Amino acid sequence: MFEMMWNKSKKSGIKAKKAPLAYNYIVNSKTRLIHMEKMIKSVDVIIVRIYILESSNLIKKIFDHLEKTVKIRGISLFRGLKGFGETGEHSSSVFDVRWDLPIIIEFFDSEEKVKIALEYLNTFIKAEHIVFWKAQTNTEL
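Numbered per UniProt numbering, the sequence shown spans residues 1 to 141.
Derived by calculation from the structure, the hints in this document are not laboratory data. Just so you know, these numbers come straight off a predicted model, no measurement behind them. Wrong hints could be hidden among the right ones.
Straight-line C-alpha distance at most 25 Å; calculated DMTMM-like pairs for lysine to aspartate or glutamate [to be verified]:
id	residue 1	residue 2
1	K126	D64
2	K134	D100
3	K134	E112
4	K134	E111
Across the chosen pairs, the derived CB separations fall in these ranges [said to hold, decoys possible]:
id	residue 1	residue 2	range
5	K41	L81	18 to 24 Å
6	K126	S42	28 to 34 Å
7	S55	Y120	17 to 23 Å
Just so you know, even glycine gets a beta-carbon here, dropped at the ideal spot from N, CA and C.
Using the sequences and the accompanying hints, generate a full structural model.
This is how it looks when you write it as structure tokens:
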């Protein structure tokens with residue numbers, strides 16, 4: 001409907017009203033994408049996710065190495081409420097005294113820094129407990 005109104009006003013020579021934003025986006029989508037590419041500087045990174053158990057006592061060792069030695073930009077730790085793996089089911093309850101919850105440690109950085117980190121992590125964490133994939137971030141590293 002908006003397109004017909006827009007075309008009629010162009011054909012008749014009458015000054016057209018400004019088209020709705022949705023129409024402008026459809027018409028100018030290629031132009032807008034080009035402008036977005038110029039505005040956003042994307043950088044290739046690798047995201048790493050490590051799966052361990054809280055009882056493994058590896059958290060401090062991993063954090064110290066990533067922060068002090070490799071100088072990774074940032075690290076996040078997530079505690080799972082429940083999980084299942086090769087050693088069975090892990091969950092927490094009010095009556096459970098032991099803390100054996102699944103932990104996920106996640107970080108991202110340049111490929112060079114991630115390679116250094118993975119070389120060290122693979123010495124004491126099973127390879128299948130580390131996953132990684134390529135991604136992009138819009139900030140300079």
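Going back to the hint list, which numbers does this structure go against? 2, 5
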